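Colleague: Take the sequences, apply the hints, and build the full model.
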Amino acid sequence: MANMDTTALEPQLPSSYDVTVFEEETRWVKVSGAIRRNVLLFAGSLLILAIVLFAVAGSLIIDEKRTEVGFAHAERETADGSIKEVVAPRLKPSGEFWFGTDQFARDIFAYVAYGTLGTLWMGLIAGIIGIGIGTLLGFIGGYFGGWLDAVIVVLSDALITIPGLMLLITISAYLDQLTVEQLGILIGVISWMGTTRVVRAQVLTLKNRAYVEVSKFNGQGDMEIVVSELIPNLAPFIAAAFVGAVAGAILLSIGLSALGLGPQNEPSLGLMAFWFIRFGAVPQGMWWWFGPPIVVIAIFIVGLFMITAGLDQIANPRLRTSV
Amino acid sequence: MTVDYVLRRLGMFVLIIFVAGTLNFAIPRLRPTNPVEERMNQLLQQAGGVHIANVKEMIASYEERFGLNNPLWRQYLNYWIALAKLDFGQSIAYFPADVTREVMRSMPWTLGLVGVTTVMAAVIGSFFGAWLGWTRTPIAVSFVVPLLLIVTAVPFYLLGLLMLWVFTVFWPVLPGGGAHDPLIAPAFDLTTIIDIVQHAILPGAAIILSSVGFWGLGMRGMMVTTMGDDFIKLAEFKGLKERRIFLRYAVRNALLPQVTGLAINIGFVVSGSVLVEVLFAYPGIGNLLYTAITSNDYFLIQGVLMYVIFAVGLMLFIVDLIYPLIDPRIRYRSA
Amino acid sequence: MTTATAVHSPLVVKDLKVYYYTRRGPVKAVDGVSFELHRGERLGLVGESGSGKSTIALALMMAHKEPARIEGGSIVLNGSNVLDDNSEQVRLRRLSEIAMVPQGALNSLNPVMRIRDQVIDGLKDHNVSMSDGEFANRVAELLDSVGLHRDVASRFPHELSGGMKQRVSIAIAISMNPSVIVADEPTSALDVVVQKQVVQTLRDVQERIGAAAIMIGHDMGLMAQFASRIGIMYGGKIVEIGPVSHIFNNPKHPYTRLLISSLPDTRSKRRLEGIPGLPPSLLRPPPGCIFHTRCPDAMDICSQEIPATREIDALRYAACHLYGDDDGKVVDL
Amino acid sequence: MTTAQLDRSTQEVENEPLLQADSVSKTFVSGTFRKHYTRALDTVTLSVPESPPTITAIAGESGSGKTTLARTVLGLVEPTSGAVIYRGTNVADMSRAQHAEFRREVQVIFQDPFESYNPFYKVDHVLRTPIRRYNLASSKSEADDIVEEALRTVGLRPEETLGRHPHQLSGGQRQRVMVARAVMLKPKIIVADEPVSMVDASLRATILETLRAMNRDVGISILYITHDLTTAYQLAENIIVLYKGRVAESGSVDSVINDPTHPYTQLLVSSIPQPDPETQWGREQEARDEEEAEIAGCNFYDRCPLRMDECTVSDPPLYRTAPNRITRCYRYAESPVHLAPDLRSVFAPVGGD
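Chains as they are written, first to last, in numbering that gives the first Met the number 0: chain A, 0 to 322; chain B, 0 to 334; chain C, 0 to 332; chain D, 0 to 352.
Among the hints, erroneous ones may be present.
With a straight-line cut-off of 27 Å between C-alpha atoms, the simulated BS3-like cross-links for lysine-lysine are [stated by the list, open to error]:
(1) Lys240(B) <-> Lys123(C)
(2) Lys206(A) <-> Lys34(D)
(3) Lys206(A) <-> Lys121(D)
(4) Lys215(A) <-> Lys139(D)
(5) Lys13(C) <-> Lys64(C)
(6) Lys13(C) <-> Lys328(C)
Quick list of the computed label-pair ranges, beta carbon to beta carbon [stated by the list, open to error]:
(7) Arg68(C) <-> Glu223(A): 45 to 51 Å
(8) Arg68(C) <-> Leu154(A): 51 to 57 Å
(9) Asp150(C) <-> Phe126(B): 35 to 41 Å
(10) Asp203(C) <-> Thr224(B): 33 to 39 Å
Simulated from the structure, these hints should not be mistaken for laboratory data. This structure is a prediction, so every number in the text was calculated from the model and none was measured. For each residue, glycine too, the CB sits at the ideal point set by N, CA and C.
Modeller: Below, the structure is given as structure tokens:
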């Protein structure tokens, strides 16, 4: 190579005016630009962060006893005029009980905090398992193809049509009491199909990209190609699928629990829904009972949706509405 | 529409039934002991509310259907033979009522409520989404997007709960439960119809409100993607009127994936409607399933699940058959 | 190119500036472009990526989108400035006065509409009233004129090959006998045999209806086959413009000269030489002549002063410091 | 020249080719129940000798099978029948070590200089990975030297190239980095699949000239896949014109392009837009307009302006119309039928005349 004539190929002029010269931006400019370009992602993350902080800090600070039946007491004047400590259900929000108490004299604020934590934990487990199975199958199907791919495709297409809640309800009819963790695992196991579809479709488009083929000529093996060439580019898709899976799992679990078929012994937002539906919070007008969990669930899901939408914009630039 | 296409779709339909049926067969066997058998023995011991002869008959029919002493493959085969005859056994709770008959009694209510509201939500949502995705729509309307997000984010049943509070407690103008007034003799007249519609408003509105955002956001995404397509640019170069570009070029193409979405979503809505039906005591499939579960009526549970999946699979199949009529690329594909 | 003829020229572009407003500042995609299009002539605008050629096409159609803005100049179409029009006037001018044959024809047609309807809707939205039979005849006639069978009218786009789709685009473009046809890389995705057919078809219909045509592209070979006059674009400016034979046989601007000498042909094998360096940044264009960073003939003045456009010989204009008052007078195009 | 003589000359060139595609065919299947078969490549045999280094152009329109041939030779597509043989071993049967050697010695340059880069990484990634995977350097500084030398070889300045993301380079720079990547591995063969069709004209020449220099000075054989006959003419010694997966015509590039015999090659040549206003396109047209008909005979029949009745009966064989020319057309039926399957047998040895 040394003796070849390269004079004609030498770069000839300084490139200070080339299009290729990019100004270096300060970190803040980069960050603020990123936020401006993806408001949805940023705002959604803030909402979720707030919920997580509320649940984690709440469960650390607040005594778990406050979520137990009959915790709340108040001083009441009895018939003989003496002041007596009595169990205090159905209290309106006050300085002591910020969100009031429910039918069973539990502190609703504490219950919402612990319940949020339980639901969050369940969603995470379900999301991780669902995304794990889904991504693995998506990669196997998309990258290696063949009969295994055909099986994966057909199976996920068939399973995705089976209504998840119906399936979950049916399964729960045959099982004993579920724990929050078990429910998370169960939901994860029955809801990987969406992720598989997305990942597989993306792997299919990526694997025939020239750069994946170039990496073969660079001596990279299949595993290395998957790990170092495909996964980094699939990250926004996988992250979006994960967030979607967590949101789906939370909705499913709340649905199941609201029917009284979910975990009964640990606080969760779904179980709370079961209680306030079953014990007529609505007809009683106890807005402080059913209000907080509904608001938390709404913020939860809105936040997760916004993150998914924001990640979609990263993955699919056409969805970016502003430049 | 090619033979290949129809065959593939039909194959998918059969497969869905097969997978669902297999699941339905496998789920009760998840536990080492058979919960159905347990439950029956339990009944036999208590024999309180149920007639002891009935329970014995139930056990006989159960053994006949599944023959738990047979090898697994034999049980599986028997199971499919029974399914092929639409024989789901008899309901324990409503013994000796046939499961199929119970399902058929509830199905029309669910189909009416969920079917109508799903289509309405899809139409309204797609319209909103198209409007939002149309780049020429004033920025002022973009506040609708977060609004849709929030409405979508609250689950069906919780939204239903809120509405129940508003319209039956705060401002009692609508009936709070049931599908019709039990005092009105069911007849095909105006009073009955108005009564049925009145009862359907709250649960229906809950379903529509909470899924309209899903459709809207999906449609908006498709619109944005479609607006970037070359044929929209040529339509502009052609000097077409905005209205025509919007309807005939953008919306017409953006709608195509929404139709497929409709098919898949029907399954989800049916599923979600369980809660709405329970909440509003609506005598549909969801309520039936709930009753079945609370009374450990295993044959009924199996039957409901099978019928629901059959219905969802059938709807998917029908949408697949209709799809080529609206997308010429599939209609004429030769290979 | 005197102003007296302007009245009769279907299109006169003067000092057109189109900037893209980015976070980093304005990108001067088109920076002071002037040219005049005569009745029935075919102008080729050649440039490499980033030269601003496609931006010109969009601006002529008034179809540029944010963040692109027309910063100055005028586009006089059939005697009146398009920049003064309201949006409805702009819309009505499209197709009837100026029509576009788009790039990437593979997806340019609506996949769910029959060809017939895609030809007719343009006419309908320009208030052409005909009976259904008359519309059908008009469609058949248009398809005929681009060498397509009239049966094509009832087909969907996916049933047509790339070349056929592009002919349909041409048929649509001439459906209202516009005075100007703009073709933006009309053969970019097509095979060489089909490319020839499409360009010849475009040329045939343009001659038949007597429209002026602008073809935008980067393929000098295609330009030599199509255009009667060629404008060479570089960094958002036209650096040289003149009759096709002058440009190829006696290029004046160093960029044109290098571009032409870099073209491979099938007559003699030779050492292939490209143009060293890279296209300029339009965000921070170099001072002076925009080509001086890559120019083998660059002088001191080139990095200081923007060269004026001079009329080097009849109908040929170039902007380069190599030419002084002896070579041609400075003109305001 | 008789058939016997031709066969002998065939024997001579068949002494251990470095790489051989041995009667490779590729059929793509679609459809689930009713299968639809597309024959993308139909029994093509081509070999590349160990020496001297050659540049061979493979030309045709989209659907001609040129890219399928390239991808088959590269081992990216498994042939439906036939085999790709490298240094005497079928690529399909190679051991891990042999396959690694094959992957290093038969390199590629793809059409799209942007898609060739993983957008996640800086351009360095694509240069450093092969050094690591093939153990080309024993130290970091040695690796740096190899990368920098390779970049200089293709006329790039390392300091202006390294540490950048692909989108920060121009199309021409990107493609030159890809050439540098391939050259750095000291391959025996480079398959260049339309390497300049997405590069600006002013930068195109430089890349082609680099390829030529690699062939001349470093001794790399090049398979140049293209739809553009002018660049094929400038770069290659010999050319293979494919039509619908079959060889339509082949021979030395000068004679094929300046005097095409097959009606398809004639159509291609007459469609070249010459960058010369005095050489205008002719008005010759195809027989039919892009409508395909299934007939038993010549696969070009439906487009052929010179078609004859016998063309519908059976597919014509390759006729040897001149010492270094073959064409698949009945109009040359008086010429001897070319029997040696390997197209290499058509090409004159470089500098052999």
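Colleague: Now tell me if each hint is right for this structure.
Modeller: Hints versus structure:
1. Lys240(B) <-> Lys123(C): Roughly 10 Å separates the two Cα atoms, so the pair holds.
2. Lys206(A) <-> Lys34(D): Roughly 25 Å separates the two Cα atoms, so the pair holds.
3. Lys206(A) <-> Lys121(D): holds, 19 Å
4. Lys215(A) <-> Lys139(D): It holds: about 22 Å lies between the C-alpha atoms, which stays within 27 Å.
5. Lys13(C) <-> Lys64(C): At roughly 21 Å apart (the allowed maximum being 27 Å), Lys64(C) and Lys13(C) satisfy the hint.
6. Lys13(C) <-> Lys328(C): holds, 19 Å
7. Arg68(C) <-> Glu223(A): 45 to 51 Å: About 47 Å separates the Cβ atoms of Arg68(C) and Glu223(A), which means 45 to 51 Å holds.
8. Arg68(C) <-> Leu154(A): 51 to 57 Å: holds, 53 Å
9. Asp150(C) <-> Phe126(B): 35 to 41 Å: holds, 37 Å
10. Asp203(C) <-> Thr224(B): 33 to 39 Å: holds, 37 Å
Taken one by one, the earlier hints all hold for this structure without exception.
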